[in-house]
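Asks: Residue numbers (the working numbering), protein chains in the order written: chain A, 1 to 514; chain B, 1 to 514.
Don't read these hints as lab results, they were simulated from the structure. Please read all numbers here as calculations on a predicted model, not as lab measurements. Virtual Cβ for every residue (Gly too), placed ideally from N, Cα, C. Misleading hints may appear alongside valid ones.
As the list claims (entries may be wrong) - In the BS3-like style, the derived pairs of lysine-lysine whose C-alpha atoms are separated by at most 27 Å in a straight line are:
{"hint": "1", "chain 1": "A", "residue 1": "Lys287", "chain 2": "B", "residue 2": "Lys136"}
{"hint": "2", "chain 1": "B", "residue 1": "Lys136", "chain 2": "B", "residue 2": "Lys192"}
{"hint": "3", "chain 1": "A", "residue 1": "Lys287", "chain 2": "B", "residue 2": "Lys23"}
{"hint": "4", "chain 1": "A", "residue 1": "Lys340", "chain 2": "A", "residue 2": "Lys201"}
{"hint": "5", "chain 1": "B", "residue 1": "Lys23", "chain 2": "A", "residue 2": "Lys23"}
Stated by the list, open to error - A few chain A residues that don't get close to chain B, going by computed Cβ distances all over 10 Å:
{"hint": "6", "residue": "Tyr33"}
{"hint": "7", "residue": "Ala38"}
{"hint": "8", "residue": "Arg42"}
{"hint": "9", "residue": "Leu95"}
{"hint": "10", "residue": "Pro100"}
{"hint": "11", "residue": "Leu103"}
{"hint": "12", "residue": "Glu123"}
{"hint": "13", "residue": "Glu163"}
{"hint": "14", "residue": "Arg183"}
{"hint": "15", "residue": "Thr200"}
{"hint": "16", "residue": "Arg206"}
{"hint": "17", "residue": "Asp247"}
{"hint": "18", "residue": "Cys339"}
{"hint": "19", "residue": "Leu355"}
{"hint": "20", "residue": "Trp465"}
Protein chains: 2
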Amino acid sequence: MSKKNYAELCALLREAGTLTSIKSLLGWDQETYMPDGATPGRSEQNALLAAITHERRTSKRVGDLLGACEQDKALTRKGSPEAANLREIRRDYDLATRLPGDLVAAIARTTSQAQHAWKEAREKDDFAMFLPWLDKVMGLLRRKAECYGTPKGGELYDALIDEYEPGATAREIEAVFTPLRARLTDLVREVKQSGVKVNTKCLKTRIPAARQHAFGLWVLERMGFNLAIGRLDVTTHPFCSEVGPADTRLTTRYRDQHFTDALYSTLHEMGHGLYEQGLPKGDGTAKSLFGQPLAEAISLGIHESQSRMWENFVGRSLAFWKWALPKSRKFLGDALEGCKPADLFAAVNTVTPSLIRVEADEGTYNLHVMIRFEIERALLRGDLKPKDLPGAWNARYKDALGVIVPDDARGCLQDVHWSFGLIGYFPTYTLGNLYAAQFWETINEQIPGLDAQIGKGQFAPLLAWLRENIHRHGKKYRAGELCERVTGQALSPEPLMRHLRSRASRVYGVNEEN
Amino acid sequence: MSKKNYAELCALLREAGTLTSIKSLLGWDQETYMPDGATPGRSEQNALLAAITHERRTSKRVGDLLGACEQDKALTRKGSPEAANLREIRRDYDLATRLPGDLVAAIARTTSQAQHAWKEAREKDDFAMFLPWLDKVMGLLRRKAECYGTPKGGELYDALIDEYEPGATAREIEAVFTPLRARLTDLVREVKQSGVKVNTKCLKTRIPAARQHAFGLWVLERMGFNLAIGRLDVTTHPFCSEVGPADTRLTTRYRDQHFTDALYSTLHEMGHGLYEQGLPKGDGTAKSLFGQPLAEAISLGIHESQSRMWENFVGRSLAFWKWALPKSRKFLGDALEGCKPADLFAAVNTVTPSLIRVEADEGTYNLHVMIRFEIERALLRGDLKPKDLPGAWNARYKDALGVIVPDDARGCLQDVHWSFGLIGYFPTYTLGNLYAAQFWETINEQIPGLDAQIGKGQFAPLLAWLRENIHRHGKKYRAGELCERVTGQALSPEPLMRHLRSRASRVYGVNEEN
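Excised from the complex, chain A in its bound form:
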């Protein structure tokens, strides 16, 4: 019977995965093409689908099958795919069964409405418009965290971050962030003291969105993103969404100037998308692994390592521009006439404290993340009231980055996350940067001449390495375990600091060592 139980369990998970992917389509559509007036109905659709999915994920049948499989020695051999699958199915089931269905539906309904309110509030720079929704969302998330339960000696926040980064805690993250912040702050100061003014003229040229879009699509394809099972659209906030087992949708946003903002958003989301396309999901029909943990991403930190790697380690390298700049003419015309690869390399590796996280440079990016981590932790604890968010936000930006926030649209309303009900999500961005840097050093040891390959637009060896070492495993290993397997080391801030100092030394002449 064991095989039959396991097969039935996997079939039920596939159905739950199918429902989850439909919910992703609702979300993608809401951000891309849905007419504004459809918001209340969309919220109902989200709530109902979330409730049905939750009901299925927590059904007694799933629990019974899981229990039976766990008793079966043939399925629980250490190191076997089935054992890893069952470990993660148990984890998901235990988490899911702690949430009452009405809370799941309420979160889905409220965040769907809150997203809409956030979008309007951001457009109108009107925090008051968003405040009641933030209040509601925080209340629901507190309830959610309480249902999950706080680990011993931990805090509510841990229960939420665990959903995105299994096993991580606020205290551990703080322990990583605090020294990293000091070293980043040093770097920013040294850059400032260098007195070097980078010429960023090549970013100021105006390039119509349609041309940028064509160029972005071309780069995506060359890097290995499969557009037969993917798309690229335009939204307020770039994201990557799995709307089906073989349907990976990226979004980006264009401005006339600073074409690299959109390009790097595109490459970032593509990094997520390549991971998703590399997971062994199959096509979603009966025999595919779709819906099983073995076909799912490990954690958001690992997910982000993929997006940041393509965005920064590949996309902001000199080699990338050596390849991309001459090719770009076909799409961008003579917009970059007179710019050299080295000019673009320097321009996209400036270190300048700024207001917007998704447009921040690599040197200051993690400081943006740390601010959000502190604030959302305080919001959840109740130490910070939602109404006091703008003040707290602006004070921290002045303190950590030395910038004055001119309005909430460019301040605490800039990110979509809280309206989506995502608390505990932001720190995974910095974890992703750390993982990316550490993976990158190993990759460069294992693929000789990688830089030269990138300079020729040859991305296949890199993608193959990622597929082999990271993507194909799905959730077989936990994040820390994967990191040790791949790099031989536990996660450390050193590779990231080496990377940032190396770039800053080439652009600003600061010390490579610190």
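Since the structure of chain A is provided, determine the placement of chain B on it from the hints.
Replies: Relative to chain A, chain B alone:
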């Protein structure tokens, strides 16, 4: 308890309606933006959602509540909204409970794949590629019809058409179609004999799709289509889809020449859309009527009466062009320089036997429908084998319209319906034309000066009339009943023939009487 039962029943229906609307989004997305490679996964999504929706629609709880409400005198007073609702809920429930869940899922899965196959087959003009899917779909539809059950003295086809046009039968339709066909054939012959060659030069000018789109959107808005709760996109086959209670999405398709093809497709789908926007659905949240029959369209025939009215009775009138032609310059530039309203009126009212139904003129359109009615009826009966479809198609086109079908792409592969599993749907197009003509005569009696209003772009009185007399009632009345209430007469072919002869007499000088 009666109020409570009724409220719970309506809440369950609202949930089922919400699920149905999500399924519409899956369909809309598949036709608009879904990447090709996502087809298998989309089929699974469709199948699962169809199964869940069916399960809910046929649940014992719905049956129990319905039964209890039917015993309740307060809810069954003749003529009351509740009584009408219960009548239709009973009908839907009895139909739905006759279908086994696995059949519903199989139809959803198969038609989702068949649509994809149809699209490719049509592009490649390769009937053999579509044939196995047509075979499968016909087999499933035969099973469906058998489950519904054949009315006494009727045939399998009746069971399917009843889903789209409650109460209609193949024999009745044949009885309407046969004399109508003779009168239409006469008209086409007289037009030919008139020897008049209409100058259609004004349709041949090239207009870029983006300009046509902007013009189409502008006309939609002026006619009263609410774009805050609707959209217009581009697909292979134009359609109107309700992807939420307040989310009506139209599609159209553009060619460089013959801009009126896209325009009339747009107006046609808008007619459907205005009906949907006029139904008293509310926003889909707890207190709205969404999901109840009182907020649903009566039948496809009535739906089609709305689309054909806006497309033909309004859109192809001289008055329309008197208004639209000068306004079009802002969008189309000088593309129509030198054309007069009367030129456009004549050009869009030519009567010329042709190949493509959706581009057919009003005079020949119903002949296209009749061919499909005969063929699908024969396919379902088994009198015609799917493999013999192209031959049968081509022979009928030669016979009824005198045209030679050059390839299957412009022959039996032109319509999406069969791949969607829609059999019994086509005849509603002609019923729609008949209803539209009959309504139009009444409307002109009741709105004095309507033609002059259209000539000034004043569509609000017409839309208000439709809202008041047709849209707001939802399914309160059956189609025939509504027709009698509104026009004082049973459905008759006379108004349509009067309309067609009037137009043909103005363009070709044929006799107005027949």
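Asks: If a hint holds in the structure, say so; if it doesn't, say that too.
Replies: The hints, checked one at a time:
This hinted pair checks out: Lys287(A) and Lys136(B) have alpha carbons roughly 22 Å apart, not beyond 27 Å. Distance hint between Lys136(B) and Lys192(B) is unfulfilled; the C-alpha atoms sit about 42 Å from each other, more than 27 Å. For the proposed pair Lys287(A) and Lys23(B), the alpha carbon gap of about 23 Å is at most 27 Å, so the pair holds. At most 27 Å may separate the alpha-carbon atoms for a hinted pair to count; Lys340(A) and Lys201(A) meet this at roughly 11 Å.
Our distance criterion of 27 Å between C-alpha atoms is met by Lys23(B) and Lys23(A), whose separation comes to about 11 Å. With a minimum CB-CB distance of about 6 Å to chain B, Tyr33(A) fails to clear the 10 Å threshold, and the non-interface call is violated. Under the 10 Å C-beta cut-off, the non-interface status given to Ala38(A) relative to chain B is violated; the minimum distance is some 4 Å. At roughly 6 Å from the closest C-beta of chain B, the C-beta of Arg42(A) falls inside 10 Å, breaking its exclusion from the interface.
With a minimum CB-CB distance of about 23 Å to chain B, Leu95(A) clears the 10 Å threshold, and the non-interface call stands. In this structure Pro100(A) is separated from chain B by more than 10 Å, as the shortest Cβ-Cβ distance comes to about 18 Å. A cut-off of 10 Å between C-beta atoms confirms that Leu103(A) is not in contact with chain B; the least separation is 18 Å. Against the 10 Å criterion, Glu123(A) stays outside the reach of chain B, whose nearest CB is about 15 Å from its own CB.
Remark: the non-interface label on Glu163(A) is consistent with the geometry, its nearest Cβ contact in chain B lying 24 Å away (cut-off 10 Å). With a least beta-carbon separation of about 43 Å from chain B, Arg183(A) lies farther than 10 Å from that chain, consistent with its non-interface assignment. No beta-carbon of chain B is positioned within 10 Å of the beta-carbon of Thr200(A); the least distance is around 34 Å. Every CB of chain B lies more than 10 Å from the CB of Arg206(A), the least distance being 21 Å, so the non-interface label holds.
Listed as outside the interface, Asp247(A) is inconsistent with that label: its C-beta sits roughly 4 Å from the nearest C-beta of chain B, within the 10 Å cut-off. Listed as a non-interface residue, Cys339(A) keeps its Cβ farther than 10 Å from every Cβ of chain B; the least gap is roughly 31 Å. With a cut of 10 Å on Cβ distances, Leu355(A) stays outside the contact zone with chain B, its closest approach being about 32 Å. Consistency note on Trp465(A): stated as away from chain B, and its beta-carbon is indeed over 10 Å from all of that chain's, at 24 Å minimum.
Checked against the numbered hints above, the structure violates hints 2, 6, 7, 8 and 17; every other hint is satisfied.
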